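Read off the chains here:
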Amino acid sequence: MNNTKTKNLMQKIKRYWPFYIMMLPGLIYLFINNYIPMTGLILAFEKYQVASGIYKSPKCGLDNFKFLFQTKDAWIITRNTLLYNIVFILLGNFLAIVVANFLNEVKRDVTKKVYQTVILLPYIVSIVVVAFLANAFLAGDTGFINNHILIPLGLQPVQFYRETKYWPFILTFVSLWKSVGYSCIIYLASIAGIDPGLYEAAALDGATRWQRFVQITMPCLKSTIITLFILAIGKIFYSDFGLFYQVPMQSGSLFPVTQTIDTYVFYGLTKNNNIGMSAAAGFYQSLVGFVLVLLSNLLVRKASEENAMF
Amino acid sequence: MKKKWISMLLCMAMTAAALAGCGDSGSADSGSAGSEAADSGTADSGSQTAEEPAGEVETINVTYFSFNSIDDTAMVEEAVNKISEEKIGVRVKLNAMEGGQYMSQQTMLLSGSEDIDLIVTPLVTDAMNSGAFADMTDLVEEYGQDIKAVLGDNLEAGKYRGCLYGLPNLHEYASTPLLVYNGDIANELGLDMASVKKLEDLDGILAKVVEAYPDMSTPLYTGSSSGCLSSSYHDWDTLGDNLGVVMFDGASDKVVNLYETEKYRELVTTLHDFSQKGYLNADSAVLTENYWSLVPEKMSFGCILNQHELIAEEYTPSTGVNLEIVPLAETYRTTSNVTTFLWRIMSTSKKQVSAMKFLNLLYSDAEVEDLICNGIEGVHYQVTEDGKYTYPDGVDFANSTYYPNIGWVMPNGWLAGEWVGDIENYGEKMTEYNESAKASPAYGFIFDSSNVANEVTACTNVVQQYCNSVEENGTVDVDSAIADLNKALKEAGIDTVIAEKQKQYDEFLSNQ
Numbered sequence: 001m002n003n004t005k006t007k008n009l010m011q012k013i014k015r016y017w018p019f020y021i022m023m024l025p026g027l028i029y030l031f032i033n034n035y036i037p038m039t040g041l042i043l044a045f046e047k048y049q050v051a052s053g054i055y056k057s058p059k060c061g062l063d064n065f066k067f068l069f070q071t072k073d074a075w076i077i078t079r080n081t082l083l084y085n086i087v088f089i090l091l092g093n094f095l096a097i098v099v100a101n102f103l104n105e106v107k108r109d110v111t112k113k114v115y116q117t118v119i120l121l122p123y124i125v126s127i128v129v130v131a132f133l134a135n136a137f138l139a140g141d142t143g144f145i146n147n148h149i150l151i152p153l154g155l156q157p158v159q160f161y162r163e164t165k166y167w168p169f170i171l172t173f174v175s176l177w178k179s180v181g182y183s184c185i186i187y188l189a190s191i192a193g194i195d196p197g198l199y200e201a202a203a204l205d206g207a208t209r210w211q212r213f214v215q216i217t218m219p220c221l222k223s224t225i226i227t228l229f230i231l232a233i234g235k236i237f238y239s240d241f242g243l244f245y246q247v248p249m250q251s252g253s254l255f256p257v258t259q260t261i262d263t264y265v266f267y268g269l270t271k272n273n274n275i276g277m278s279a280a281a282g283f284y285q286s287l288v289g290f291v292l293v294l295l296s297n298l299l300v301r302k303a304s305e306e307n308a309m310f
Numbered sequence: 311m312k313k314k315w316i317s318m319l320l321c322m323a324m325t326a327a328a329l330a331g332c333g334d335s336g337s338a339d340s341g342s343a344g345s346e347a348a349d350s351g352t353a354d355s356g357s358q359t360a361e362e363p364a365g366e367v368e369t370i371n372v373t374y375f376s377f378n379s380i381d382d383t384a385m386v387e388e389a390v391n392k393i394s395e396e397k398i399g400v401r402v403k404l405n406a407m408e409g410g411q412y413m414s415q416q417t418m419l420l421s422g423s424e425d426i427d428l429i430v431t432p433l434v435t436d437a438m439n440s441g442a443f444a445d446m447t448d449l450v451e452e453y454g455q456d457i458k459a460v461l462g463d464n465l466e467a468g469k470y471r472g473c474l475y476g477l478p479n480l481h482e483y484a485s486t487p488l489l490v491y492n493g494d495i496a497n498e499l500g501l502d503m504a505s506v507k508k509l510e511d512l513d514g515i516l517a518k519v520v521e522a523y524p525d526m527s528t529p530l531y532t533g534s535s536s537g538c539l540s541s542s543y544h545d546w547d548t549l550g551d552n553l554g555v556v557m558f559d560g561a562s563d564k565v566v567n568l569y570e571t572e573k574y575r576e577l578v579t580t581l582h583d584f585s586q587k588g589y590l591n592a593d594s595a596v597l598t599e600n601y602w603s604l605v606p607e608k609m610s611f612g613c614i615l616n617q618h619e620l621i622a623e624e625y626t627p628s629t630g631v632n633l634e635i636v637p638l639a640e641t642y643r644t645t646s647n648v649t650t651f652l653w654r655i656m657s658t659s660k661k662q663v664s665a666m667k668f669l670n671l672l673y674s675d676a677e678v679e680d681l682i683c684n685g686i687e688g689v690h691y692q693v694t695e696d697g698k699y700t701y702p703d704g705v706d707f708a709n710s711t712y713y714p715n716i717g718w719v720m721p722n723g724w725l726a727g728e729w730v731g732d733i734e735n736y737g738e739k740m741t742e743y744n745e746s747a748k749a750s751p752a753y754g755f756i757f758d759s760s761n762v763a764n765e766v767t768a769c770t771n772v773v774q775q776y777c778n779s780v781e782e783n784g785t786v787d788v789d790s791a792i793a794d795l796n797k798a799l800k801e802a803g804i805d806t807v808i809a810e811k812q813k814q815y816d817e818f819l820s821n822q
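Chains as they are written, first to last, in this note's numbering: chain A, 1 to 310; chain B, 311 to 822.
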């Protein structure tokens, strides 16, 4: 078995050698850039000493991880990170599919391009700029919402940067507004790749637009959805630092709903920039992400094997 | 067929991209590293061959930062080298970094992987713990006579666990809790500023200001970069982080929990009162503009902060407002004030003696200091009749190729020439101010948080979360707000931090 496999590989190399050579620089790059630095993960278990260097510093077991779990904040930051990401993944993909489908139905090329560009624009805007755009709407004394909507309607102005209850919605809205244009490109490309013959046949058989969407588009998108889903799951323990740090403008009162693992680590460690502790936080995030990818892939393989990534 | 072509193209594009990416990062990295290596290499080999008889001329890497224009650093470096090679037989590589880049890379610069000999940093206790810096005690004795003369007793402030890991640069060594205010408005409204002796006295003054300027967004500016007023305005010794402080008017050998003190309660009560009366900005937690940009717009009257007494004079030209100050408490010299910036020799440096020689030169040689701070005469500045510096003809702030504005970072910026519009005899005035200050009982004490790093991290987060709403939000109840803060701090382990601090402080006091 093993023998035939190697034989196959040898045959393949013989046959496709130009492609392997083409792949080589990429692989070397990946190895140098992504695999060699991984050895630095050892920092998470060390009390780093400059003089001894990365690999020879005194080991301290799991001490560096303690700060992540020590306080009641541990529960809050983990909850925030997970829930926000789940919402972003579900709503984000849903919206992206819907928007991609809408765009696909636009028949005039120019109009389609214009729409697509407009939807993509927020993705290109720097998160710092987005934070100030949001601030222009939300500011207590000069903000648009307070001055031009609430007060003219005779309502009490709202101090957005002090009240936690609005922020899950604000952050979700900003995140979706910013990312949907980008993620819909991938779906748009997949939809464009679906054989138009299928749609024609369905239309001849009298399928409505909705039926065509459910019966043709969705099944054809299935593998794309699953791939993106698994990729997103791998990052579920990482939060979009810019979003959670910049958009709430670092307002302390909002921490119960805006603090995520990344911002917590950032706030905590800018004071005492402990290399070991930040390495520990990163290690913990990637470990959980890795396990979750394996798990979700396992689930996918159980459900439909041909769609699993590995 | 078409598909095959496309995949071929894609393959090629990807390979090209990978190559380009690789080449880019590779060349950038190896480029900078290579050029440094080449620099020191050529210098070394050069000195070994050509200048062997005269002794080896070492090239040291001096790393510092500037937020302004530093394009012509190489030109300055050449001029500096001429002097330093003649005087002390050392050549330098001036590694001037862009300020933002320096700040973000600081941890990496100090991790020992870079070829740096001399560097300026903030206190960075963690780097000191990890052995990033060389102990300079003996080096100063041997090669730093001028440094000892210039710094005097303040040399001790760089001491940590008995080792001299850094030397403070010359700047303000004390701070006064004070109010900076718009003198023009005060005159216009006939405000009796002389009657203001403490924070509470501002009530009547601010009431008149608000009455006259109802549209003013921030009559009293309380914002600070870290979000807590108590970290930028305090009349106690913060011991670096406010987690366990020493009160100036309390027991001088006791570390206390600031947030449980009567003084903190009073401060918060006053601020709540001010907030309810509309003196503070409602969005103070997320205020992005600083006082100096609000005051010319008449959007703010005064600002409370800990600063030196020349601050008003310093900002008057740039704001175009006649700023004045009122001290609100006594002036104290604390470790945090003195150790804002420390010049260090890296422990990984192999040229520590040369580095110390050059550092000594920086503290004492006006010519070298002037070159680095102001550039070359006729190119980067010209001297007016009364000996002040100004831009050469056709050059201004925007297009100057060397205007680093780093007098406040360099070891002895007071040696450098003064510019038109600068405060005259700044160095002398500041020395006088420094000497007028009382020393905090904890002066010289540096807390090592490594044993309680977890608790400090947790407490820092708690303070970040609560302090703004506790201190500046008039809508919450003072007592319950402080109680909430303290409850969260206790859970985060502030008692452990304070106990550890007290232990180290006792040790520090007994060694004095």
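It should be emphasised that the hints constitute simulated quantities derived from the structure, not laboratory data.
Quantities reported herein were computed from a predicted structural model and do not represent experimental measurements.
Backbone N, C-alpha and C define an ideal beta-carbon position, used for all residues, glycine too.
A hint or two may mislead.
Chain B regions said to be covered by chain A (calculated; three or more residues, Cβ under 8 Å) [what the hints assert, rightly or not]:
hint: 1; stretch: 416-422
hint: 2; stretch: 702-709
hint: 3; stretch: 796-808
Now the hints, each set against the structure:
no.	hint	verdict
1	416-422	holds (count 5)
2	702-709	violated (count 0)
3	796-808	holds (count 3)
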